[in-house]
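> Start from chain V and add chain W according to the hints.
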Amino acid sequence: MAPWCSRLEIKREKIRANLPLDEPDPNKELYVRQVRARDLLRGDIEGLDLEKVVEEAVLTTRLDKVLNWGRANAIFPATFGLACCAIEMMSVVSPRYDIARFGAEAMRASPRQADMLILSGRVSIKMAPVVRRLYDQMLEPKWVVSMGACSSSGGMFSNYAVVQGADKFLPVDIHVPGCPPRPEALLYGFNKLQQMIMGSPELGWRTRYSAHGTEEWARDLGNVTDEARDAYAAARDIAQSAGPPLVSGSPGSTVDVPGPPQERTEVPSKPDRDSGRFI
Amino acid sequence: MPDAPGLELIRAELNDAHPDAITGSYYEHGQACLVCDPAQIREVLAWLRDTPGQEYTFLASVHGVDYLPAEPRFGVHYELLNMARVERVRVRAALADPGPDALPELPTVSDEWPTADHQEREVYDFFGIVFTGHPDLRRILMPEDYVGWPQRRDFPIGGEPVIFTNTERDVPGWYA
Numbered sequence: 080m081a082p083w084c085s086r087l088e089i090k091r092e093k094i095r096a097n098l099p100l101d102e103p104d105p106n107k108e109l110y111v112r113q114v115r116a117r118d119l120l121r122g123d124i125e126g127l128d129l130e131k132v133v134e135e136a137v138l139t140t141r142l143d144k145v146l147n148w149g150r151a152n153a154i155f156p157a158t159f160g161l162a163c164c165a166i167e168m169m170s171v172v173s174p175r176y177d178i179a180r181f182g183a184e185a186m187r188a189s190p191r192q193a194d195m196l197i198l199s200g201r202v203s204i205k206m207a208p209v210v211r212r213l214y215d216q217m218l219e220p221k222w223v224v225s226m227g228a229c230s231s232s233g234g235m236f237s238n239y240a241v242v243q244g245a246d247k248f249l250p251v252d253i254h255v256p257g258c259p260p261r262p263e264a265l266l267y268g269f270n271k272l273q274q275m276i277m278g279s280p281e282l283g284w285r286t287r288y289s290a291h292g293t294e295e296w297a298r299d300l301g302n303v304t305d306e307a308r309d310a311y312a313a314a315r316d317i318a319q320s321a322g323p324p325l326v327s328g329s330p331g332s333t334v335d336v337p338g339p340p341q342e343r344t345e346v347p348s349k350p351d352r353d354s355g356r357f358i
Numbered sequence: 561m562p563d564a565p566g567l568e569l570i571r572a573e574l575n576d577a578h579p580d581a582i583t584g585s586y587y588e589h590g591q592a593c594l595v596c597d598p599a600q601i602r603e604v605l606a607w608l609r610d611t612p613g614q615e616y617t618f619l620a621s622v623h624g625v626d627y628l629p630a631e632p633r634f635g636v637h638y639e640l641l642n643m644a645r646v647e648r649v650r651v652r653a654a655l656a657d658p659g660p661d662a663l664p665e666l667p668t669v670s671d672e673w674p675t676a677d678h679q680e681r682e683v684y685d686f687f688g689i690v691f692t693g694h695p696d697l698r699r700i701l702m703p704e705d706y707v708g709w710p711q712r713r714d715f716p717i718g719g720e721p722v723i724f725t726n727t728e729r730d731v732p733g734w735y736a
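Protein chains in written order, with my numbering: chain V, 80 to 358; chain W, 561 to 736.
Chain W on its own, in the form it takes in the complex:
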């Protein structure tokens, strides 16, 4: 795990290689994170993997986050691991919400890291984030005919309200 100064060094080197790609960085709970422009996520991940001295060759996880009141709303997190030094760095692609009629998009990395194939499908399944260029982007855990993106924060929790005698006035119409 690079410490906070090490993270800033990585950010500075990345700024030299890809200007405007990194929009922020923070070090929290002992974990280093780079905030990245989603359009350049492939270049950033490739730089972290291929640059001598970095060599974060293993993509440990891809997952989505919905930070609903915050902007930009969505985040796709790529957890990179250097297996020789056992150092991890997280790259977060910050995606704005394109509105109710469109889905946020960012390029896939599944051709570079085959492990991202299923994990990007999972992110698509739960958050509705489209990975352009993905060879087989369809739902992986929910049924194929499911409508909606159930892990988004504005998705209703679902289920059925449990009717007790003290709550029946809160749920009108269930009995008549």
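Chain V with its partners taken away, still in its complex shape:
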């Protein structure tokens, strides 16, 4: 059985008579727990009955494994449609595709009760702060699935109004390609997310990119406009492709890592003609 499978693996093994505590054994912890359970039950039942109960009825596993199993199979997605991908997202709940098979059919209308946000469609720059606020209002642990080309990379909307990839402002765990993705594709991405939750307890993207602490309340709100201006200036450099190259280095360098905003030391220069006129 695969380690990420949605059924919980139950180990039933014979109790070892004497514990070889000095030799390395992957099942050593299990034997220890079995012996402990046997000692607890001793007195209620005796003899061969006791051995049988311990072997067949006592369930031994690790608590975090059960916890991740439960989290992966009881995800509450937020009811949050952004654009046309939301139609596919709705049909995922329908009996034909039936995300209830994986335990995520309870769409919650409040971010406080949801733990998965499906970005189903393009995110306009006016919607991005709203999406970020909804994400910040969700309780940990929480996951984000970017559904479709638009929310993953901007897609066909390469223009002034749409955020070019939702992971500019959100830690996205799973990108589902497609325009729009079929419901099966979304289900496959959701299964991948379940694998991720059960396989690696750390929070993936957010740990790798140090995205903790970028929540809205953690930001100095007065600096957001300056940051936005810097981002616009960088976007203009790329768009005109004649200006100096970006400050950020190769993918993975520390310059690219979005962290908490730094204190601005220098006063931003007065916007020149271009910044006033174009962006």
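No wet-lab data here; the hints were simulated from the structure.
Every clue listed holds true.
What follows is a set of in silico ranges between Cβ atoms, one per label pair, in the way DEER data are often shown:
id, chain 1, residue 1, chain 2, residue 2, range
1, V, K205, W, E631, 29 to 35 Å
2, V, Q192, W, V625, 44 to 50 Å
3, V, Y267, W, T617, 56 to 62 Å
4, W, A606, V, S189, 47 to 53 Å
5, W, D563, V, S189, 57 to 63 Å
Derived, one-sided and incomplete: chain V residues facing chain W with beta-carbon distance under 10 Å:
id, residue
6, K205
7, S237
8, Y239
Built from N, CA and C at the ideal position, the CB exists for glycine as well.
Relative to the frame of chain V, chain W by itself:
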């Protein structure tokens, strides 16, 4: 819809009422258009609405156009409709570009036609055309802190260049 001779009749009558207000007229694709001096746009629209025989009482749309290589650069189009005869006439206020440090201006009509309130805000939002006298001229569709006038023709298309292996030399510096 007035036909081409009807448009010329309207223009002649307007010339009598407001000399120098109308600078041109054309009839294209079955649509009649009067080109107007932006300073007198209020008088022209009021004349088309109030004159007996004209009575274009409904302002169907206000929108901006950027004709960048042409001069004058900007146009604000007012689509007027006579609902009794189902006739439409378009009035185009031709605005010159005042340069990079100023915005083109023309008087608002939102006090005469309340529907122009939001539509003039949209024109301001996308083209940076200031309607003087507008009660609440601020952005309506783009975020309030947005900088720039995104529907102008010299506004960069935006987005990010997609890097393929055959285009990476055209976008230097993205990888290093």
